[in-house]
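Enquirer: Residue-level listing of the chains:
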Amino acid sequence: MGYVAAKGGLEAILAAEDLVRRSRLSGSSPLLGIDQLQERARLAVDRVMGEAGLWAPELAARAFRQAEGDVVEAAHLLRAFRTNLPRFAMTSVVAADEMVPLRRIVPAYRTPPGPQLLGRTSDYTGRLLDLSPEAPSSELEDEGRSSNATGAAATNGTGSTASGNPGGGEGGLTTHRRLYELLRDLDLVVDRRRDIAAGDDPEPYDITRLPVRPGVPRSARLAVMARAETGALVNLWYRNILGTDMHLHEVTLGEVRHGLLPLPVIHPHTGRPVVVGRIRATEAEAIEDLSGEGRDRSRFDVGYGVCVGHNERKAIAMANLDIAVELDAGKGSLEQTVLMTTDALDSSGFLEHLKLPHYVTFRSMVERKLAVREAAAQKVGDDHEAAPMDRAPDAVLAGEPA
Amino acid sequence: MSLNALLEDTGSADNGYGSGIMDEHTKRDIRRALLSAVAVPGYQVPFGSREMPVARGWGSGGLQITLAIVGDADVVKVIDQGDDAGVNATNLRRLIVGSTGAAETTVTAEASIIQTRHRIPEEPLKSDQILVLQVPVPEPLRGVERDMRELRRMHAEDDYARLWVSLYEDKVRNGVITRTTGYPCMIGGRYVMATTPIPRWDCPKLHQAHHLSLFGAGREKRIYAVPPYTDVEPVTFDDVPFEVERSPGRCDRCGAVGWTESFLIEVPNSRTWVCSDTDYCARRRLKDRRVKA
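Line by line, the protein sequences are chains A and B.
Residue numbering for the first sequence follows this note's numbering, starting at 1 and increasing by one per position.
Residue numbering for the second sequence follows this note's numbering, starting at 1 and increasing by one per position.
It is worth saying that the hints were derived from the structure and are not from the lab.
Hints may contain errors.
Among chain B residues calculated to face chain A with C-beta under 10 Å, some are [as the list claims (entries may be wrong)]:
1) G57
2) W58
3) P199
4) K221
5) P228
6) D231
7) S247
8) I265
We treat Cβ as the ideally placed atom computed from N, Cα and C, and that holds for glycine.
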């Protein structure tokens with residue numbers, strides 16, 4: 001009964017922790033450096049930051065290493081760490097147009113306004129397992145110095161990049177008109193612009209401080225998806241494509257961008273915005289054909305996705321689901337599904353809690369099973385005036401021979 | 001801010017718990033929700049549940065409540081399935097005691113705060129004790145309705161018809177009501193509440209109790225309460241008496257009678273039973289020894 005009833009509960013836990021720690025720290029290869037993880041496991045570290053909802057590459061790499069590569073566990077470590085951090089300041093609103101793109105593609109047009117910038121991607125590369133011998137580290141360093149400047153800069157979230165001058169808080173040379181604007185000029189999209197002059201510019205809903213439930217503003221929905229588990233969003237997207245849920249129809253991607261966003265903070269003395277840092281983010285715009293029933297077939301509508309780090313799958317699924325929830329307008333269950341079932345900490349935590357002792361609840365369930373049988377036997381007895389069960393159900397359960 | 005500076009702020013590099021795992025703003029948020037919950041017995045108050053250093057589903061709601069109300073003068077007891085030494089109880093206890101000035105105990109009567117999963121101690125609690133229950137699923141109507149907007153309406157309008165129908169159908173199909181733990185109870189004649197998954201055996205302990213019971217569901221971000229001296233009535237029919245689990249045996253260790261005295265769990269294939277409340281069991285044995293000596 002070691003794990004439940006022994007007074008040695010604490011010793012057992014300490015021993016388990018020790019086993020984890022020793023196995024993690026020992027081994028024949030050197031310990032993974034935080035810098036190595038940031039550089040060489042960039043996408044995993046990005047995913048940890050995205051699902052934790054915190055831009056902190058160094059801490060995310062640390063969490064990833066501590067969690068032995070378990071992304072959800074690492075995200076949990078980072079979120080639990082973040083939850084108590086004091087909030088020194090809020091950034092002022094950043095227009096997504098201020099993003100300095102490291103990558104930008106527009107599938108909807110061959111020659112969109114602005115460039116098709118492939119950037120750092122293996123999308124168009126054959127998925128061939130590279131079996132060539134590992135290059136000695138000195139060679140890699142030389143190669144890195146000559147051609148890999150973009151990647152290194154991107155990892156740090158600072159410095160200049162191969163795609164151009166990151167510019168100041170105003171954006172600089174590298175911002176491009178987005179496809180959405182073009183479609184708006186052509187009067188091809190439903191206009192969802194808010195009337196800011198009329199005061200229609202609410203503060204975003206802070207999901208880290210307020211509980212979320214169906215009916216919350218769109219900002220809450222976007223925030224939930226921005227830190228949702230990537231796999232959960234991808235699955236939800238796919239079941240709406242292939243499954244019976246039918247919330248997604250014909251979707252084309254307008255923009256997919258990965259780049260640097262400035263973080264402007266109002267200076268307490270000058271009152272002017274000062275860029276205190278940059279984060280990498282991925283954003284996507286999904287153009288919905290409005291082919292569903294009762295829709296305006298003469299226009300498109302657009303959903304939006306954005307998340308911390310480089311994670312195109314997530315941003316794209318998010319943009320698709322954003323417009324799907326908007327169009328469903330609370331008629332179906334999609335909004336609740338998106339809001340309540342996509343968080344990695346929620347779903348994984350609850351699933352894993354099944355490993356905890358449940359012997360009290362299970363005893364109660366067994367007791368009811370026996371009660372049902374007893375009631376059935378009673379009924380048979382009453383109906384036929386026969387003798388009730390000749391063996392007490394509890395005796396059977398206890399293994400007493402008949 | 002450099003990583004080292006951050007680590008200095010939270011204690012040291014190898015100390016994951018730091019000098020506190022909940023800030024004062026959060027405590028205030030949670031206390032406000034607790035006050036609402038006490039003011040409206042059985043009503044599920046939404047609150048801004050924080051991430052805790054335990055997984056959601058592992059007592060994060062109970063932990064937040066305990067941390068929001070615990071003080072240096074408190075004596076904390078933590079049980080899981082009635083057992084102080086259960087692995088999760090042990091983990092939560094060291095988090096609470098390690099991050100606050102509270103003392104720990106396994107003795108029910110000595111504790112000012114008892115955090116529990118799935119059980120209420122056998123020994124009746126006193127008016128100066130607070131019971132904090134970890135709740136996995138706070139919604140008693142989820143078996144009959146999943147849409148959260150509709151659930152809100154049902155609670156708001158006191159519309160529990162479908163719960164009654166489901167209990168009726170259960171009785172007709174199975175001969176008995178087959179609800180097991182977490183039996184739905186009417187609180188103060190107004191709100192139907194999920195009694196966490198405590199066994200039905202424990203439900204009567206909530207009725208007109210001397211102590212305050214606080215329920216925390218961290219993952220679902222809900223807090224609710226049963227204040228002292230509140231009616232807690234299991235939802236059932238006038239002619240179908242509420243049935244608790246009764247065990248046909250005695251505790252192998254202390255001799256407590258499973259039919260009337262103690263919630264027993266069985267040791268499979270051995271025909272033996274033991275108390276799930278380990279402190280209750282130990283105290284009975286201690287008393288036995290004293291009587292004999």
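Enquirer: Each hint needs a verdict: does it hold in this structure or not?
Expert: Here is what the structure says about each hint:
1. G57: Hint on B/G57: holds, closest Cβ of chain A at ~3 Å, below 10 Å.
2. W58: holds (5 Å)
3. P199: holds (5 Å)
4. K221: The hint holds - B/K221 has a Cβ within 10 Å of chain A, the shortest such distance being about 4 Å.
5. P228: violated (25 Å)
6. D231: Given a least distance of 23 Å, the restraint on B/D231 is violated.
7. S247: This hint holds: B/S247 lies near chain A, its Cβ roughly 8 Å from the closest one there, short of 10 Å.
8. I265: With a minimum Cβ separation of about 5 Å from chain A (threshold 10 Å), the hint on B/I265 holds.
This entry does not satisfy hints 5, 6, going by the numbered hints stated previously.
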